[in-house]
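There are 2 protein chains.
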Amino acid sequence: MHLYGHWRSLATYRVRVALKLKAIDAKIVAIDLLSKEHLGERYHAINPQGLLPALEIDDGTVLFQSMAIIEYLDEAFPDPPLLPIDLAGRAKVRGLAQIIAADAHPLMVPRVRDYLTENIGLDSYGVKKWIDRFALPAFEAIEIFLRTQEHSGKYCYFDTPGLADIFLASHVIGAGFFGCGLDPFPRIQKIYEACVGLEAFSSSHPLSQAGAPAHI
Amino acid sequence: MHLYGHWRSLATYRVRVALKLKAIDAKIVAIDLLSKEHLGERYHAINPQGLLPALEIDDGTVLFQSMAIIEYLDEAFPDPPLLPIDLAGRAKVRGLAQIIAADAHPLMVPRVRDYLTENIGLDSYGVKKWIDRFALPAFEAIEIFLRTQEHSGKYCYFDTPGLADIFLASHVIGAGFFGCGLDPFPRIQKIYEACVGLEAFSSSHPLSQAGAPAHI
Chain A
1 MHLYGHWRSL ATYRVRVALK LKAIDAKIVA IDLLSKEHLG ERYHAINPQG LLPALEIDDG
61 TVLFQSMAII EYLDEAFPDP PLLPIDLAGR AKVRGLAQII AADAHPLMVP RVRDYLTENI
121 GLDSYGVKKW IDRFALPAFE AIEIFLRTQE HSGKYCYFDT PGLADIFLAS HVIGAGFFGC
181 GLDPFPRIQK IYEACVGLEA FSSSHPLSQA GAPAHI
Chain B
1 MHLYGHWRSL ATYRVRVALK LKAIDAKIVA IDLLSKEHLG ERYHAINPQG LLPALEIDDG
61 TVLFQSMAII EYLDEAFPDP PLLPIDLAGR AKVRGLAQII AADAHPLMVP RVRDYLTENI
121 GLDSYGVKKW IDRFALPAFE AIEIFLRTQE HSGKYCYFDT PGLADIFLAS HVIGAGFFGC
181 GLDPFPRIQK IYEACVGLEA FSSSHPLSQA GAPAHI
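Order-wise, the sequence lines are chains A and B.
Last residue of the first sequence: 216 (the UniProt record's numbering), numbering continuous.
Last residue of the second sequence: 216 (the UniProt record's numbering), numbering continuous.
The shape of chain A in the complex, shown without the other chains:
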């Protein structure tokens, strides 16, 4: 198995965590986001969308999109599971993950920030306001879900780390890169602390990867 990714990519981080929780070995193939290697022909031949990550499984099939890759890993390597067994629980965990995947993270990615600065002319203050506008409501919604749903425990769904925790942790890190702290979100903070207590999460942190700087 080959994971095409980059230390800075939070979608790659999610797949790293899932692979480690399941103790699956994958060879890391670094695609350099910063020099825009993902936009080149070589990577497009692997993933025509040109986004990270992509996972090449052992028969050579290339999977793309972090959510789809992690659902695949959970189906192909079911132990330990990343989704609960009961159907409504699965929907809630997937729903929490999608709040990050669909409503928060896509507004913060480099191509959006680049367009805001290069094409629209926002300065760094304007970009920070943009990030706050779209990163924080996801935390606010998830904090309420965690406070009001009986399934909230050490992790998003009782006491086992899973899909929602992986996506939530990726957003904690990503928003953190832009100065969004967790003080207003005590439940999320506790869950994130539980996550980083696990080697699968801590060793997957973007700044712990080869090629990463000491801080951003």
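I should point out that these hints are in silico values taken from the structure, not numbers from a laboratory.
Treat the hints loosely; a few may be bogus.
Okay, the calculated bits of chain A under chain B, using three or more residues with CB under 8 angstroms as the criterion [as the list claims (entries may be wrong)]: (1) 25-33; (2) 120-127.
Cross-link-like lysine-lysine pairs, in silico, DSBU-like; alpha carbons within 35 angstroms at most [stated by the list, open to error]: (3) K190/B with K36/A; (4) K128/A with K128/B; (5) K129/B with K129/A; (6) K22/A with K22/B; (7) K154/A with K36/A; (8) K190/B with K22/B; (9) K128/B with K36/A; (10) K129/A with K128/B; (11) K129/B with K36/A; (12) K36/B with K128/A; (13) K190/B with K128/A; (14) K22/B with K154/B; (15) K20/B with K36/B; (16) K20/B with K154/B; (17) K129/A with K36/B; (18) K154/A with K128/A; (19) K190/B with K154/B; (20) K154/A with K20/A; (21) K190/A with K36/B; (22) K36/B with K154/B.
Every residue gets a Cβ at the ideal spot worked out from N, C-alpha and C, and that includes glycine.
Once you have looked at the hints, place chain B on chain A.
The following block gives chain B in isolation, referenced to the frame of chain A:
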């Protein structure tokens, strides 16, 4: 079952199609996006994220996020299936759906367009350029996938409509509202035509819903 939604919401459209493909009856509860009813207390008590759609299932549990809701429907009502059986196929179908759910649609939603016009001051030409920048690459990537993957058939995955078709059709409609046509994407165009040949898709179209105008 109660589906909270709005005629204009493309995420609600996706769930309408899935319900109809599976012949599941759900009572529609209209939440008026245009008067911002989704931002009010009454709807927040149902879905704390304040986004559409939400699906209240028969035991009173409220599910949120269109992808999570449709995965639930596929697990709870497996016939006809919206995902293939083989694991790599499931990952590819989910991946195509996520291209729309995570990389294209979130950049076109009202709260983003409102921020671009009200806070940043873009005019309608600037908004159209923004839409083109973020709506079209999803079509471009999916068109290449459809051209190069053996599973491309009458629909995204062979000859059965499923999860990827639902998300793709929602984006065809959504991008169409902003004047993005399908001429550069002949495979997508053929699949969309196959979709609208099905009553589940045609009767779910935003402009066919109660309260919708004749055109946008």
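Item to check | Violated constraints from the hint list, given by number and in increasing order | outcome: Violated: hints 1, 7, 13 and 22.
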